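Here our numbering is used: the sequence shown runs in plain steps of one and ends on residue 119.
Some hints here could point you the wrong way.
[Said to hold, decoys possible] Keeping only pairs whose Cα atoms sit at most 20 Å apart, straight-line, the calculated SDA-like set for lysine to any residue is: (1) 92 to 106; (2) 94 to 114; (3) 92 to 36; (4) 92 to 54; (5) 92 to 107.
These are computed hints drawn from the structure, not numbers from a lab.
The structure presented is a predicted model; accordingly, all values stated were derived computationally and were not measured.
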Amino acid sequence: MNTHFLKPLATAAALALSGGAAHADTGLSGTWRTATYNGDYAFVRFGPCSGKICGVVTRTFGPDGEIEGGSLGKTIVINMEPVGGGQFEGGRIRRPDTGQSAPLKLKVNGGTMTVSACLGPLCRNETWNRVQ
-12 MNTHFLKPLA TAAALALSGG AAHADTGLSG TWRTATYNGD YAFVRFGPCS
38 GKICGVVTRT FGPDGEIEGG SLGKTIVINM EPVGGGQFEG GRIRRPDTGQ
88 SAPLKLKVNG GTMTVSACLG PLCRNETWNR VQ
């Protein structure tokens, strides 16, 4: 499995704009903390972009605290659309350092979100937590 490609799931180089969610328990809008990868993680703010939903890295953290990572301010989740039941599909997650991307599925359940990215038959699932 190409974990280097999926790293942006867990760090800023591994996952966007604020907006109001109609249902907080299944809404994607807001800020989410990525899973931790080698001590690194990011905050990603989700909100509207060109009629769909995107995610932008707003803060990055290392093992020793907040850092000014290279992915800060980059849009790493693009073109997500709600499909019902707190699920979002049709978009991609992008590696900020290479621009490489993979299909993405998101499932929001209250304060947690399951993030699933796949490259061919290989998929990786992570849990992100709502910050605000």
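Mind listing which of the numbered hints don't hold for this structure, in increasing order? 4
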